[in-house]
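Engineer: Each chain, written out:
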Amino acid sequence: DVKVTQSSRYLVKRTGEKVFLECVQDMDHENMFWYRQDPGLGLRLIYFSYDVKMKEKGDIPEGYSVSREKKERFSLILESASTNQTSMYLCASRRDSGANVLTFGAGSRLTVL
Amino acid sequence: GQNIDQPTEMTATEGAIVQINCTYQTSGFNGLFWYQQHAGEAPTFLSYNVLDGLEEKGRFSSFLSRSKGYSYLLLKELQMKDSASYLCAVREESGNTPLVFGKGTRLSVIA
Chain X
904 DVKVTQSSRY LVKRTGEKVF LECVQDMDHE NMFWYRQDPG LGLRLIYFSY DVKMKEKGDI
964 PEGYSVSREK KERFSLILES ASTNQTSMYL CASRRDSGAN VLTFGAGSRL TVL
Chain W
7 GQNIDQPTEM TATEGAIVQI NCTYQTSGFN GLFWYQQHAG EAPTFLSYNV LDGLEEKGRF
67 SSFLSRSKGY SYLLLKELQM KDSASYLCAV REESGNTPLV FGKGTRLSVI A
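Quick mapping for you: the protein sequence lines, in order, are chains X and W. For the first sequence, this note's numbering assigns the number 1016 to the last residue and increments by one with no breaks. For the second sequence, this note's numbering assigns the number 117 to the last residue and increments by one with no breaks.
Keep in mind that the hints were calculated from the coordinates and are not lab data. A portion of the hints provided could be inaccurate.
[What the hints assert, rightly or not] Heads up, simulated DSSO-like pairs for lysine-lysine below, C-alpha to C-alpha not over 30 Å straight-line:
1) K960/X x K921/X
2) K916/X x K906/X
3) K906/X x K87/W
4) K74/W x K906/X
5) K974/X x K906/X
6) K906/X x K960/X
Just chain W, with the same shape it has in the complex (with noise of 0.2 Å):
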């Protein structure tokens, strides 16, 4: 089976640092995905993690530890416009096979 577990919803304030997590158990790894959806709009790209450890892209982050089946991406100096729903998705298996999504953690980001 495949199960995906990301919180449902975070508030944050302008200008901090939040971190979202997504646990999953799936059949396969090859690979995890986070994008970005603002409300009313197509989910965006945002990182890809392969290998464990961190990748850094200005001012967000993702971490992937496979061995614990867990991943985060962390916003850093929260902006208001980063108020949005972050989805994670996993790519199973190589090959071309759809990714896997979680349901999604929609941040809100006050002042």
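Here chain X stands alone, though its shape is the one from the complex (with noise of 0.2 Å):
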């Protein structure tokens, strides 16, 4: 089975802070996504990457960047995090083609004080 890990469940940060949530897959996947899960909102893409170094804005890319040196890892990067940017994360991966399973990580909850 695919596994994506996301390295941390639960962060608390304070306003200002860089903050980074790091994602691997284990399989080998070409296409990894950065989503924010917010209740009566869903799931909001944020940034996606469909290869090596490659990365292309989603639908809210506003203060965030990514960061995909290696193909098992995508890392979210928020430069200087605000408490509207707490949230559920999700990272998710997926064998090249849209018509491939989404495999989700477990996320990682954030909260900005």
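The task is to assemble the complex, starting from two chains supplied on their own in separate frames and drawing on the hints.
Structural biologist: This is the structure we're talking about:
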């Protein structure tokens, strides 16, 4: 089974801090995604990556950046955390092609104080 | 634009049948996914429809009508463990495009 591992399940950070959320998958998937999930808003796409060194903006990229230096790792960076970035962050991966199933990590719940 | 609608919440009784609807208006269509998400856990894949008709997988079935922009997920013989959110997601284009998710339907199964 594909495993998508998010390094932190729970984080508490202060406004203005730089935050790194790490995601690693172990099945050589080309595509990786970062979503945030908020009550009443569902899953919203922040950034995605088709392959190493490639990145594309999703629907809500403002305040975020990403890094994909290795195929298995996709990092989400909050340069200066704000309280409105308090959320559940979900990483997902899939083999090349949109017809393939997304496999999600367990999520990282970030609280910004 | 893109619009995927699902009911926000539903309640059903253990042992019963429930149908969760999803309507979509998207710029293109190349398939529809259903995912299940238990509280505090990751979404997990349930079904994928790309052609019209019904796909059955045990107690769960998913139906698609492309002409109507409509899908439903049918859960039979409901169990308490089926209490979860159910997410409808559309693949708009072929190739490596991201899915567009609906806001999800929270299903509560009661005794």
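Engineer: If a hint holds in the structure, say so; if it does not, say that too.
Structural biologist: Taking the hints in turn, this is what the structure says about them:
1. K960/X x K921/X: holds, 20 Å
2. K916/X x K906/X: At roughly 27 Å apart (the allowed maximum being 30 Å), K906/X and K916/X satisfy the hint.
3. K906/X x K87/W: Holds, at roughly 23 Å.
4. K74/W x K906/X: violated, 36 Å
5. K974/X x K906/X: Since the Cα atoms of K974/X and K906/X sit roughly 14 Å apart, the hinted pair holds (cutoff 30 Å).
6. K906/X x K960/X: Holds, because 24 Å separates the two Cα atoms, which is no more than 30 Å.
Of the numbered hints stated above, the single one contradicted by the structure is hint 4.
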